[in-house]
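Visitor: Those protein sequence lines, which keep their order, are chains B and E.
Per the working numbering, numbering through the first sequence is continuous, rising by one, with the last residue being 1500.
Per the working numbering, numbering through the second sequence is continuous, rising by one, with the last residue being 1500.
No lab work stands behind these hints: they were computed from the structure.
By construction, the Cβ of each residue, glycine as well, lies at the ideal position given by its N, Cα and C atoms.
Among the hints, a few may not be true.
Label-pair distances were calculated between CB atoms; the ranges are [to be verified]:
1. E:K1478 x B:Q1187: 55 to 65 Å
2. B:D1267 x E:D1238: 43 to 53 Å
3. B:D1474 x E:E1197: 37 to 47 Å
4. B:N1194 x E:K1312: 17 to 27 Å
5. E:T1307 x B:N1194: 26 to 36 Å
6. B:E1211 x E:K1470: 35 to 45 Å
Number of protein chains: 2
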Amino acid sequence: MNNFWKSYPQIEEELTNVNEIIKKNIKCREKFFETSIGDMVDRGGKMLRPAFLLLAGKFGDYDKKKSHNLAAVIEMLHMATLVHDDIIDDSKLRRGYETIQYKYGKEYAVYTGDFLFCQCLMMLSEYEYTMENMKEISKVISKICMGEVKQYHLRYARNMNIRNYLRIVSGKTAALFALSFYIGAKESGCNNRVSKSLGRIGYHIGMAFQIIDDLLDYKGNTQTLGKNAQKDLKRGYYTLPLIYALENDQENRIAQRLKEPSLSEEAVNEIVELVKENKGIERAKKVANRYTKKAFDQINKLPDCESKAIIYEVVEGLLKRDY
Amino acid sequence: MNNFWKSYPQIEEELTNVNEIIKKNIKCREKFFETSIGDMVDRGGKMLRPAFLLLAGKFGDYDKKKSHNLAAVIEMLHMATLVHDDIIDDSKLRRGYETIQYKYGKEYAVYTGDFLFCQCLMMLSEYEYTMENMKEISKVISKICMGEVKQYHLRYARNMNIRNYLRIVSGKTAALFALSFYIGAKESGCNNRVSKSLGRIGYHIGMAFQIIDDLLDYKGNTQTLGKNAQKDLKRGYYTLPLIYALENDQENRIAQRLKEPSLSEEAVNEIVELVKENKGIERAKKVANRYTKKAFDQINKLPDCESKAIIYEVVEGLLKRDY
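Build the full structure now, drawing on both the sequences and the hints.
Guide: Quick look at the structure:
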């Protein structure tokens, strides 16, 4: 895990335990899985999804063991989708380290994702989780698959539009955020109103989070950020800033450059500039702000408790970045 | 479905219904999944696993709806592994039709497999299946992943031996056959003794089935069968006949030829001949016979009923082929 939770030692400690559970559940005769997935766990990320699950659980009758196990499942699901996404995107690096598909080959990456999926199923069947929550979980994985396929399907697409973009983001990012909040609450016995309200908070956070991620790709002037935009453009993923800019670009200069068979660095740089000129970032920011506002409106309505305060602060840090 | 079950109209009808259930459960907003998976269903195979599940269920208190749904889950799991295997093997054809990975690309194939997995989870959560059976299912998927990774890992391997070969077959084929029999019985309320005995029958059938498949690759003198052996050899999958032949080959002629960087048709033909000369097929056949015998010994001990008679006949047709 990185330092994201260091101001909240209680959560950090619990997340460390979640990682231990993950490591325990990837142990098997095939040492390959243990090593490759174990490495991913050690490098860690922000662990936003399991953290939100735990924080949501604290609105109810918090059962530490059950919640930690469920948080591990959610993080493992997320990891499975990352491993498979890296195959699709042919990614060399993730969080600064070599991806499984790059290091070991696509073949291993396919099975590593599958193995993670089935270990999740195993963990779900070991604990007495409600069938309703299992159904919610499977619905979300299905949404993630649909979001990813839609994204892949609409590469380089003329009919890529705001509605399709939002649907993709809703599937590939917001659905799992919503689920983390919702089942965290639900398994702690929160009533339907509170659970659904937390689920909506997760959904809005997820939407804003992804839109901000996408617009930062166009905003940065550092090498790294530029590279992300370049990668997305080259593989034909048209995100919100570009979609808006294409709408505004009366002279069709962006569309013209996008048609070039393999985008040169110079072409990408010009497109990024044109996106800025045509208010692509500005308009995308407005959409992100709308989701952020919705998230905070809902957070404010939650019953007061420590968990509410932490969610508020963390979401503020995530979504009110200087962008 | 092909004509495999036409002598058993009752089973054939039930399997048709299982296919309907599969088709219902792949319906979603992303038409791609419906089309690509629907095509697979329409072409069909022998549907051995769901059929065995139904036949095992008839030893107990058979609940048609529940069993059909579970049979659909098992077939979908099998389909998911096929779709992902075709990515690993870069297969162009499966059952004479273009594979998803070949027709649409590896990217779509990854998500199609994932989608099938999660639809299985959804179906399992919709019915009131016992948690114990869900655990069994997840264990088996995990075994399949481990078997596949082991197989991939041991390509071109000097340390490929009988023990490793049997472990691979046990994971990638026998485990799912065993599961089909076992959960079919268990969900119909069969007692532990009968369920476990049916599970063992499935295991032995699966082992024999795969070994026979592998040895037929070396036996055929038609173009097609030769091509399979060629493909397995080229991708470094060393199966039982070859492993035995390597053991017997005092002059190391097979090992010598296997070392050639890319096997020519002539090299493959010579290896196939050398495998025959060195009694590779003969010895593999003995192992298959041992598993077949174990299966029949167990089948004979089952309580008499129509289902027992059908299992006996079908397994006879499958495992006592002229090989």
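Visitor: Determine for every hint whether it applies to the structure shown.
Guide: A quick look at each hint next to the structure:
1. For the pair E:K1478 and B:Q1187, the supplied restraint of 55 to 65 Å holds, since their beta-carbon distance comes to about 58 Å.
2. Checking the proposed 43 to 53 Å range against B:D1267 and E:D1238 shows it holds: the Cβ atoms sit about 52 Å from each other.
3. Separated by about 46 Å at the C-beta atoms, B:D1474 and E:E1197 satisfy the suggested range of 37 to 47 Å.
4. The hint said 17 to 27 Å for the Cβ distance between B:N1194 and E:K1312, and at roughly 23 Å that hint holds.
5. At about 29 Å, the beta-carbon gap between E:T1307 and B:N1194 stays in the expected band of 26 to 36 Å.
6. The given range of 35 to 45 Å is respected by B:E1211 and E:K1470, whose C-beta atoms sit roughly 37 Å from each other.
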